[in-house]
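Add 610 to the 1-based position in the sequence shown for our numbering, that's all there is to it.
Be aware that a few hints might be false.
As the list claims (entries may be wrong) - As a list, the in silico BS3-like pairs of lysine-lysine whose alpha-carbon atoms are at most 25 Å apart: (1) Lys673 <-> Lys685; (2) Lys681 <-> Lys621; (3) Lys685 <-> Lys635; (4) Lys649 <-> Lys673; (5) Lys644 <-> Lys673; (6) Lys646 <-> Lys621; (7) Lys673 <-> Lys655; (8) Lys676 <-> Lys644; (9) Lys635 <-> Lys676; (10) Lys685 <-> Lys621; (11) Lys685 <-> Lys649; (12) Lys635 <-> Lys673; (13) Lys621 <-> Lys655; (14) Lys681 <-> Lys655; (15) Lys649 <-> Lys681; (16) Lys649 <-> Lys621; (17) Lys673 <-> Lys646.
Note that these hints are calculated values from the structure, not bench results.
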Amino acid sequence: MHYIYAIKSEKDGRIYVGMSMDYQKRVIEHNSGKTKSTKGYLPWKLIYVERVLTRIEARTREKFLKAGSGKEFLKGLDLQNAPIVQWIE
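Construct all of the structure, not just a fragment, from the sequences and the given hints.
So this is what it looks like as structure tokens:
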């Protein structure tokens, strides 16, 4: 399984989208400052997770969520609730 995840900086509100086989570990890495591109915007909150079967699907979804209507979708999430999780089988 592969996961696409979105995290939101509690510092300035920016959203980061990534993919991983272990999204929980990646969020911990982001919040520990181990990721160069996100360490300046700590702390991060998980706002979206999606599971897909293949790396190719994950990459396609990651690209979608990083641009245009995918980015707008993430900005519109109700962030007062728990993260939105979507499993695609």
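> Hints broken by the structure, by number, lowest first?
Replying inline: Hints that this structure does not satisfy do not exist here, as all of them hold.
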